Structure formats: structure tokens, C-alpha cells
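Enquirer: Listed in order, the protein sequences are those of chains A and B.
Counting from 43, one number per residue, gives the positions in the first sequence under the working numbering.
Counting from 43, one number per residue, gives the positions in the second sequence under the working numbering.
Simulated from the structure, these hints should not be mistaken for laboratory data.
Since this is a predicted model, take the numbers as computed values, not measurements.
Errors might be hidden in some of the hints.
Note: identical chains are not told apart, hence a pair may lie in one copy or across any two.
As the list claims (entries may be wrong) - DSS-like mimics (lysine-lysine), calculated; alpha carbons at most 27 Å apart, straight line:
(1) K207 with K69
(2) K303 with K261
(3) K47 with K384
(4) K107 with K120
(5) K214 with K47
(6) K214 with K384
(7) K261 with K207
(8) K47 with K207
(9) K214 with K261
(10) K125 with K207
(11) K214 with K107
(12) K125 with K185
(13) K69 with K214
(14) K107 with K330
(15) K327 with K185
(16) K303 with K69
(17) K384 with K69
(18) K284 with K327
(19) K327 with K300
Number of protein chains: 2
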Amino acid sequence: MTSAKHLIALVGFGTVAQGLCQILHEKRHQLLTEYGFDFEIVAVTTRSRGTMYQPQGLSLPSLLKLAQTTAGFTDDLKDWDTKTMVRNSNATVIVELAHTDLQTAEPALSHCRAAFETGKHVVSGNKGPAALAYVEMNKLAAKYGKFFLNEATVLSGTPVFSLVKKTLAGNKIHRIRGILNGATNFILSEMEANATYEQALDAAENLGYLEADKAADIKAYDAQAKLTILANVLLGMPLQLKDVKRSGIDTISNSDIKTAKHQNMRWKLIATLTVQGENIHAEVKPEKLALSDPLAQVMGTQNSITFSTDLLGDVTITGPGAGSIETGYSILSDLLTINTGKLS
Amino acid sequence: MTSAKHLIALVGFGTVAQGLCQILHEKRHQLLTEYGFDFEIVAVTTRSRGTMYQPQGLSLPSLLKLAQTTAGFTDDLKDWDTKTMVRNSNATVIVELAHTDLQTAEPALSHCRAAFETGKHVVSGNKGPAALAYVEMNKLAAKYGKFFLNEATVLSGTPVFSLVKKTLAGNKIHRIRGILNGATNFILSEMEANATYEQALDAAENLGYLEADKAADIKAYDAQAKLTILANVLLGMPLQLKDVKRSGIDTISNSDIKTAKHQNMRWKLIATLTVQGENIHAEVKPEKLALSDPLAQVMGTQNSITFSTDLLGDVTITGPGAGSIETGYSILSDLLTINTGKLS
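Same shape as in the complex, but just chain A (with noise of 0.2 Å):
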């Protein structure tokens, strides 16, 4: 365990980020005397309300305060954009949580390469930089014996990294099964309840469950981006996004899942990475599953994987799939992980 107080840079501010600083404010107390996790926010940084900066850390009551409002900034303001910030800032951890975007990764992907050129850990909750560039920054993160995480990318809440590592740790896994995308299973609940196609989608829309590009939930590039981070980070495999087989839900009608009903069946968005000595198959599809399927189980937005081991046969992990406070666990998960200073 090391001893030193972690101070830790917020790339963007919203639900992720205010979740992680509700929990932080909660349990300081608990999270030193019980895990020796001493922190501080030094930096909060996002496009619109630009950069916060306090070398002894910002007031986490105050940033509190600030999350229920859109105001920008005033307090502790310095005239830095975010790449300033993560290479000028005393920081010793970034906490990358910007827009996702799967076709360049960036800015992620600057931000990642800023901080570890200067000397800083970076938790990463934004899937781009592990879904296009895992080896790239795993490298880098090495070369400056940094560590790259991502638990908040995959089952948001449910550590499924730390579970395989850590809690799996000497079994060989040889399959992953599982429901990733917690939005299509939740629309794909409510059809089967009875909703149109276009009611369960609004419901999705204004419970907030949607990425802001729609089609990354429904046309499944979210799941097939986990499965393929999935793949780098747990398997060691070099796969990219173009590697994974992809359809999504959008080719389900109500009138498929009342059939699957009838046959005691129903229909999940299941994605899937069987590993047969060298290769690798990917693929995210619909599958109509029987009801006596754990993963035909799985309702609303909950998520769970389904993991095939070499030593234990198969282990099911199900839990929350999005959530302020939940993703926002992922993320002090990660930065526990950093406190002990090992990945397993």
C-alpha cells in the first residue's frame, strides 16, 4: 500500500464525475482508515465551464454545490485547456471521463498520452482510448511504470476487470458471454411488457440510458466496443473494433418477441469472444434465448457476463450496467487498484 496521497484531475464533470465526488465526500473517512486511500480533487476540467485548478485540492463540498448547476466555473478558475491541465497540473492521477468517441478516441487519447509523458496514472471511464489504442497506451503506461484502468467502461458498476484479476486470479478464461449494453436490454424489457418499439425507445431516451449518438446503443457499436476492450484487457489479445461481428436490436419487432414468449423463450443482445488456441471469434448479436438461460434473467439495465473457466467452469457476475454513483464506484475502484500499487 503506498503512502502517498493520490491527487487526482476530473476531464469533465458530469454524472460519472459527480457520482465518483458524492461517494469520495461520503466515505472519505472510511476509505483511510479502511484502505489507506488518502486523496484530493486538484482539477476539475470540461469544454464548457472550463478549468478549476488548486494545488491542495478543491473543496469536494464545493464541487458538490457546483454539480447541480450549470454555471461556469468561478472559484479556483485557471486560464488552462484540459491538455494544459493534465501536463501542468500536480496531479497524479487523471480521471478521463470526456465524450466518448469510437472513431478517433480523441481528445481522450491526447489527454491519455499527456499524462503519462508526465508521470501520472490514468483512469479511463471514456471507452475510446481502450477500445482503439489498448496496446498504444498499455505500452506507454508501462514505459512510465504508470497504470492504465478501465473499469467503468465495461458492466459500469460491476468490476469485472477486478473480478477476473483479482478475485479469478490463476484461471485461464477461454469464453465470455454477457449482456453489455444496459439501455437495448432495457428496451428490449419494456417491449416485452408490451411497449412499442418508439415507446421503449423514449422511455430509454428520458430515463437517460441512451448515449447521445443513439445508434451506438441500438446498432450495438457500445457493445461491440466492450467486447473489444474486453478482449485487450482480459485476454491479451490485440483485437480491434473492426475484429467484431456487430447487428443490433433494431431488427427485433414486437411481434419476434411475442414469439419468443410463446415458445418460453426470449430475446437479449448477447456478446460473445470464444478464444480457440491462437484465434479469437467476436460478435454481438441478438439471440433468442430459453428462459432457464442466466442471462435470460438479466431485466432492465442490469448487466452481467458470464466468464468460462479453465479451473472453475463457468462464473456469472450480474449487476448494474450505468449509474451516477454506480459508475462512479468503477472509478474509485480503480483508483484502489492504484493504492495497492498491483494490478492483481
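Since the structure of chain A is provided, determine the placement of chain B on it from the hints.
Expert: Relative to chain A, chain B alone:
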């Protein structure tokens, strides 16, 4: 990570010890390179076969051959009873896998005490010490700066203690609810597939799923002990066996199971711990669950636990509840924890 070699002494040489030996033999290289885990088995002791001891390390291939027979040990034989071996061997960790006794926890308890007093870690797959004397054992371990670990006692092959302490670190748990006994879950599954209670019981016995004393499974003494251990290890609450209300599956008839099926429901032996402030309610009993309850879909010898947490809501893990390799892995999981030198 400690760099010293772990010198392991096995108390008991049944299926779990043999599963562990097989894993250690096959994964010696992987464990060293990936986890820096270096080891020798220096002693094996059983009541019927005597004590083998070799301070430089016994041959794993020879041990695995011995596992195929019931012959007494010959090579490396030493005129030591178990307690003498525990005290006088050069082992750094005692793996206690002798017969579980839920009345006195002996002789396991004496072995654990002797181990701590002579500066050895204890990994106990035996439920006795953790169910009857967790507080005392934990204090003793702390006094001598050693580990007292019990991963194999609950959800044999699925490391739930590690899941909560490492993967869910930072969460507070207010409810634990699960299927903790594989044998009775198998029997209920068989009865639903039209076996009589007696047929299902015979099948479970023939497949080696039942404890030597069947009442441990059928009358839920086993689940009662596991729930006691969960409260002590994961909630830090000094629950005792007698504090857990208990009723077994022997009250469930084939007609109960048929009726449930017509109602789209299913009987399961459910263990529940609920924390309310300083109070804890603990109970094991058959419950009729809706098929939409995730625990209703856990069939055969699978086990499953749902942890209700403050940050993540419900997180459920499902995995093997028995098996030689699976339970052997749980012992390895504890050994890897000792190797890291820290619990979380």
C-alpha cells in the same frame, strides 16, 4: 508481493487436497511468472495414512500418484501426529482440510492454534474453526501477524470473500441472500425433473455431493454454518451458529414442487442475512421463488449469492459450489492472497 517461497503443509489428503495438488502441479510455471507465487508442499498428514514430511519439498507427481491409491504413505514417512507436524515442520502455511465437526470444530481448532503459535498462516477449507471460533482465530492470527483464510468454506469454487474484500472494496453490505448448499439444490432440481425425494437423495449420494452426515445438507446445518461464516468474515459480526434460524428441505414434498411449477415458481433453500443497524437477522429455509428471481434459475450443484450494497445495489455471483478442482482452487485463491501480503 513477498518473494519468499511458501512452504505448504496439508492436513488431510481427500479430494480437495488432491485437486489443489493437481492445480499446483499443472500451474507451477504460470503461478510463478504471473503472480510471483513460489511454493513447495513440505508435509501431508492424514489419520489413516500417516505423515509425510520433506523440508525441501515433496514430489508433486509422487503425491498425485499416491492420490490414486489408499495405501499408507511410505517415502518421507515421519513418526509425527498432525499436531506435532503442525508445530515442528518448517511449513509457513497450514492448509486445514480435515473432517468438519460443527459441535467442537476439533481437531481442526487445535491445529489452527498450534499453527498460529508457531508463526504459520492458516488456510482452512474446514468450516469448523470459522463457524465456531472465527473471532478467537482472527484475534490469534492478528496477534502473530498471520492470515486466517477460509475461502473454500462458502461457495467452494467461487471466491466470494475475495469478491467482496477486493473486487467490491469500498462498498457496505446490508443484505446477503443466496443458495449455499449444492447438494440440496441438486436434489430439488432432480425432484422437479420427476425424481422422488428418495431417488434424488440416492443420486446425490452416488455423485458424492452429500456430506458424510446427510443431515448436514438436508436439515441445513451446512448452510447454517456457511451463513455464520459469511456474517463473521464479511460483515465483521460475531454471529454464532445458534443465532441462525434453520429449516431444511426435508419438509418439501413432490406435490409442493408440482404445485410451485404450476404457479411458475420454484422451491429453493435460501439463506439470508439482513443487517439493520447493530442488528442482524439470519435464517436458512426453503422459499418458493418466482421464476423471475435470479436465484430461481440456479440449478443443480451451482451456488449463488446476491450482495446488496450501498453503492452498487445488488451484485450477484453464480458459480460452482463443489468439486475437487473447484474447491482446490479456493485454497489456491487464499494462498495467492497470502502471497500478496494483504487482504484487500
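Enquirer: Each hint: holds or not?
Expert: Going through the hints against the structure:
{"no.": "1", "hint": "K207 with K69", "result": "both (25 Å within a copy, 16 Å between copies)"}
{"no.": "2", "hint": "K303 with K261", "result": "within (23 Å within a copy, 38 Å between copies)"}
{"no.": "3", "hint": "K47 with K384", "result": "both (16 Å within a copy, 20 Å between copies)"}
{"no.": "4", "hint": "K107 with K120", "result": "within (19 Å within a copy, 70 Å between copies)"}
{"no.": "5", "hint": "K214 with K47", "result": "between (35 Å within a copy, 23 Å between copies)"}
{"no.": "6", "hint": "K214 with K384", "result": "both (19 Å within a copy, 23 Å between copies)"}
{"no.": "7", "hint": "K261 with K207", "result": "neither (30 Å within a copy, 37 Å between copies)"}
{"no.": "8", "hint": "K47 with K207", "result": "both (25 Å within a copy, 22 Å between copies)"}
{"no.": "9", "hint": "K214 with K261", "result": "neither (31 Å within a copy, 37 Å between copies)"}
{"no.": "10", "hint": "K125 with K207", "result": "neither (31 Å within a copy, 36 Å between copies)"}
{"no.": "11", "hint": "K214 with K107", "result": "between (46 Å within a copy, 25 Å between copies)"}
{"no.": "12", "hint": "K125 with K185", "result": "within (20 Å within a copy, 50 Å between copies)"}
{"no.": "13", "hint": "K69 with K214", "result": "between (35 Å within a copy, 10 Å between copies)"}
{"no.": "14", "hint": "K107 with K330", "result": "neither (46 Å within a copy, 47 Å between copies)"}
{"no.": "15", "hint": "K327 with K185", "result": "neither (37 Å within a copy, 55 Å between copies)"}
{"no.": "16", "hint": "K303 with K69", "result": "neither (45 Å within a copy, 45 Å between copies)"}
{"no.": "17", "hint": "K384 with K69", "result": "both (22 Å within a copy, 21 Å between copies)"}
{"no.": "18", "hint": "K284 with K327", "result": "within (15 Å within a copy, 50 Å between copies)"}
{"no.": "19", "hint": "K327 with K300", "result": "within (19 Å within a copy, 36 Å between copies)"}
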